[in-house]
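Peer 1: Residues per chain, in single letters:
2 protein chains.
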Amino acid sequence: MENSTIDLALQASYQAFLQYKNLPLKRRSELLKSIALEIENTGDTLITTGMQETNLAEARLRGEKARTIFQLNSYAEACERGNWLEASIDTANAERTPPKPDIRKMLVPLGPVVVFGASNFPYAYSTAGGDTASAFAAGCSVIVRAHFAHKKTSVLMANAIAAAIKKCNLPQALFTHITEEGNATGAALVQHPLTKAVGFTGSFNGGKAIWEMAHQRKEPIPVFAEMSSINPVYLLPEKLNEAAEITAKNLATSITLGAGQFCTNPGIIVGVAGGGLEKFKLTLAAEIENITPAKMLHDGIANNYREKRKAILNQPDVVLLAATNSRVTDAHDIPTIATVPAKVFLQNPALKEEVFGSFSLIVCCNNMEELYEVAKNMGGQLTTTLMATAADIKDHEMIVDEIKNHCGRIIFNNVPTGVEVCQAMQHGGPWPATTDSRFGSVGADAIKRFGRPITYQNCPNELLPPELQNNNSLNIWRTINNELTKESI
Amino acid sequence: MENSTIDLALQASYQAFLQYKNLPLKRRSELLKSIALEIENTGDTLITTGMQETNLAEARLRGEKARTIFQLNSYAEACERGNWLEASIDTANAERTPPKPDIRKMLVPLGPVVVFGASNFPYAYSTAGGDTASAFAAGCSVIVRAHFAHKKTSVLMANAIAAAIKKCNLPQALFTHITEEGNATGAALVQHPLTKAVGFTGSFNGGKAIWEMAHQRKEPIPVFAEMSSINPVYLLPEKLNEAAEITAKNLATSITLGAGQFCTNPGIIVGVAGGGLEKFKLTLAAEIENITPAKMLHDGIANNYREKRKAILNQPDVVLLAATNSRVTDAHDIPTIATVPAKVFLQNPALKEEVFGSFSLIVCCNNMEELYEVAKNMGGQLTTTLMATAADIKDHEMIVDEIKNHCGRIIFNNVPTGVEVCQAMQHGGPWPATTDSRFGSVGADAIKRFGRPITYQNCPNELLPPELQNNNSLNIWRTINNELTKESI
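Chain order of the listed sequences is A and B. Everything in the first sequence is counted per our numbering, starting at 60 for the first residue and increasing by one. Everything in the second sequence is counted per our numbering, starting at 60 for the first residue and increasing by one.
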């Protein structure tokens with residue numbers, strides 16, 4: 060794509076941003092709800108196109124469509140609720156020496172946001188997904204670079220967004236859809252001076268490359284990249300003794316869900332050797348062998364799965380425990396479980412590489428001390444799961460505490476797949492899970508990624524944005540002289 | 060400094076962090092209040108040592124000491140108030156298909172924080188300054204690299220902190236004071252794997268070097284560096300006509316306050332040519348010529364001031380308007396005002412360089428269109444000041460809107476120097492003012508720099524941190540199912 064075309068797109072996006080950012084929260088919320096409605100109205104075309112392009116099953120895609128609509132409506136509500144603005148007022152005091160000025164603060168949008176969607180969520184983490192929705196809620200314009208693997212789906216979504224923008228009487232350039240492939244186009248988008256933030260969901264290498272580019276700019280910009288996570292599951296002793304089979308069955312479902320193509324797929328399972336772990340392994344192996352393989356998203360992902368799976372299985376002391384018996388084509392996944400002694404795992408960094416697909420490695424420890432060592436040496440993760448009784452947790456407080464240092468979400472006796480869309484969800488985590496552990500990409504707080512605080516000092520009341528005026532006409536929560544309140548001044 | 064010494068220090072700091080992070084908020088608050096008390100108890104030694112090391116006047120240092128104590132107590136209160144935790148709960152719903160899990164989120168501390176203090180605030184932005192206080196409030200351990208120019212002051216402050224830690228019965232390694240000079244020591248601190256964040260106040264080159272180092276780590280970490288700002292002041296037409304003299308007098312005081320050694324010093328003044336601007340220039344020149352020069356912080360700063368001042372004065376079309384008439388030594392500042400036509404300013408990036416000291420450049424525009432161009436081309440700033448009547452602001456909405464894009468704080472008819480310590484203050488701004496415009500270093504929100512969200516999914520109530528348990532025993536504000544409340548569940 061010509062750089063001049065990208066320049067024109069960014070110039071237009073910036074002009075649209077300048078208009079949009081000053082509109083009332085209600086207008087942003089209307090846009091989001093209108094996009095939700097337009098997506099609803101795409102009907103089955105969106106589903107059939109998604110199925111053709113991603114190999115994902117109809118039920119899954121219908122679920123994801125509903126989720127995308129839910130997300131847009133959630134962000135609409137959160138946007139108007141206004142808590143994310145962090146509106147804050149410290150009133151003046153003329154009596155003080157020196158006189159105390161009037162100080163008021165809120166988040167303002169950063170500017171045009173470039174979004175790179177995920178292959179594995181063609182709706183919910185893509186063109187009209189969480190990044191786009193939260194950027195619109197924050198008051199930003201959005202430029203989406205379509206994922207090459209589901210370009211037709213992306214066009215349908217882009218059309219829905221464009222229709223909503225038109226209905227809401229907003230500038231068309233508020234949303235730009237770029238279908239041109241190639242790294243150069245992506246790089247030009249990240250490097251353009253008017254781009255003010257980037258959202259990305261994908262591989263570690265892709266995310267890191269974008270992040271580096273963004274930091275080499277004259278004016279560096281934030282990149283929110285969700286990259287790589289192996290989502291360890293720790294099996295604690297009493298739980299293993301009490302519930303090895305049901306735990307194994309639940310994990311088998313989680314490991315193979317959607318051909319394992321989830322960022323929260325449990326790729327590592329850690330337990331202490333013994334009767335419980337043996338029973339767990341037997342059950343898990345039996346379950347995995349009976350899974351019907353599924354076609355993966357696209358050939359690149361399937362090839363990558365085969366290569367990474369092979370690379371791990373070829374590492375010293377890694378033993379194949381179970382693989383699906385069904386006949387598969389090159390496009391299918393091969394649900395697979397392998398095992399490795401903890402001592403080997405601790406010494407071989409290759410075993411911590413993400414295998415994107417239905418693959419999980421069981422790390423067998425000799426004792427809890429070794430399990431603690433494994434926990435200490437785990438890189439940053441989106442999730443960590445603890446299969447543990449209350450007694451387990453009390454007996455191994457240090458381990459639980461250590462685990463928390465390495466993840467964005469800690470799950471107790473649930474599977475990590477399935478990311479609830481709600482305010483309290485943290486979908487993020489320490490490097491290399493994401494580029495910025497202080498933010499997440501799911502739930503209302505994701506809006507804050509695309510804002511920065513600005514303070515107005517001694518601004519005449521009528522010239523303040525409505526969010527900060529004396530009269531709290533929007534009925535939002537504000538911190539006034541250190542107290543949260545909905546009162547006016 | 061030996062890397063092994065730094066390694067030992069970081070290991071100890073990390074162990075102290077592991078202990079400290081799980082203590083109740085009250086214990087953190089007690090520590091901060093205790094540090095404030097210990098500083099109070101240093102009595103005049105702190106002041107006389109500060110005067111010797113920084114050349115700052117007694118009254119200024121007494122004020123700064125009081126401010127430092129106030130900051131520590133403010134962070135103590137904010138820490139216990141707990142709003143910064145962003146505690147958030149979405150309760151379970153077993154009836155839903157699939158069942159909705161219980162999801163709870165709050166900020167947890169990042170880990171050991173390395174702080175590089177500022178030369179110009181030996182107390183408030185240094186050893187026991189805002190970065191240290193907010194990191195302690197967040198639950199982090201702190202390693203301070205003493206500023207070479209006020210090492211004795213730094214030791215006094217470090218002793219106060221150490222005494223407070225002892226009185227509060229906390230691990231001594233919660234605070235580490237490193238007095239060794241040299242870039243290698245600083246680099247080793249930033250690069251150590253156990254360092255999880257960096258706070259810095261100083262020059263652009265220093266901040267950028269640290270920021271780059273932090274991003275080249277295997278696990279990159281956030282750097283909050285306050286670096287470079289020329290804090291433009293825009294003089295709008297009606298205001299100039301109505302109040303040229305008083306505006307000039309107020310700015311003369313602001314420009315020369317503390318020998319101009321403030322990060323919010325007004326370095327650029329922009330106005331449209333005419334009678335108002337002429338009167339403003341005459342008054343400002345007369346004021347500046349009568350200012351008594353002051354000794355700068357140290358020889359390096361004074362030399363740097365002379366060089367940068369000379370570099371700007373030597374640029375084409377820059378005209379010296381006024382400089383103090385008093386006799387000065389090489390250690391003194393030379394309060395100086397110069398002028399340049401806007402057309403020249405727009406074409407010469409050298410004129411946007413910060414001159415740290417009492418220097419200000421008046422940019423003379425031919426008309427408001429040119430002033431708008433200047434505003435559009437201004438880099439990121441901590442502050443922007445608008446000297447404007449209400450009519451000015453209404454007549455030039457586009458300019459006011461543009462100005463907001465480039466700063467962290469916009470000030471109406473006040474001077475930029477003097478940073479009120481309160482929740483609504485944003486002391487930060489777009490690059491190159493700081494490395495991260497989404498955060499600030501003054502006020503309660505500064506605590507959030509050193510935390511990241513973590514979500515607990517389906518965690519048994521009694522194993523949750525008290526902030527997230529059903530019973531809101533700490534009486535903090537929490538978002539429960541999207542509603543802010545202090546209720547228990």
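Do not take every clue at face value.
If chains are identical, the list can't say which one is meant, so a pair holds when it fits in one copy or spans any two.
[Said to hold, decoys possible] Using 27 Å as the maximum straight-line C-alpha spacing, the simulated DSSO-like pairs for lysine-lysine come out as follows:
| hint | residue 1 | residue 2 |
| --- | --- | --- |
| 1 | Lys-277 | Lys-267 |
| 2 | Lys-85 | Lys-453 |
| 3 | Lys-463 | Lys-545 |
| 4 | Lys-367 | Lys-226 |
| 5 | Lys-435 | Lys-211 |
| 6 | Lys-411 | Lys-124 |
| 7 | Lys-277 | Lys-159 |
| 8 | Lys-80 | Lys-463 |
| 9 | Lys-211 | Lys-277 |
| 10 | Lys-435 | Lys-80 |
Hint data in this document are derived by calculation from the structure and do not stem from the laboratory.
Peer 1: Give a verdict on every hint.
Peer 2: Against the structure, the hints come out as follows:
no.: 1; hint: Lys-277 - Lys-267; verdict: both (18 Å within a copy, 12 Å between copies)
no.: 2; hint: Lys-85 - Lys-453; verdict: between (48 Å within a copy, 24 Å between copies)
no.: 3; hint: Lys-463 - Lys-545; verdict: between (35 Å within a copy, 26 Å between copies)
no.: 4; hint: Lys-367 - Lys-226; verdict: neither (47 Å within a copy, 55 Å between copies)
no.: 5; hint: Lys-435 - Lys-211; verdict: neither (44 Å within a copy, 39 Å between copies)
no.: 6; hint: Lys-411 - Lys-124; verdict: neither (33 Å within a copy, 50 Å between copies)
no.: 7; hint: Lys-277 - Lys-159; verdict: neither (37 Å within a copy, 45 Å between copies)
no.: 8; hint: Lys-80 - Lys-463; verdict: between (37 Å within a copy, 12 Å between copies)
no.: 9; hint: Lys-211 - Lys-277; verdict: neither (35 Å within a copy, 38 Å between copies)
no.: 10; hint: Lys-435 - Lys-80; verdict: between (45 Å within a copy, 17 Å between copies)
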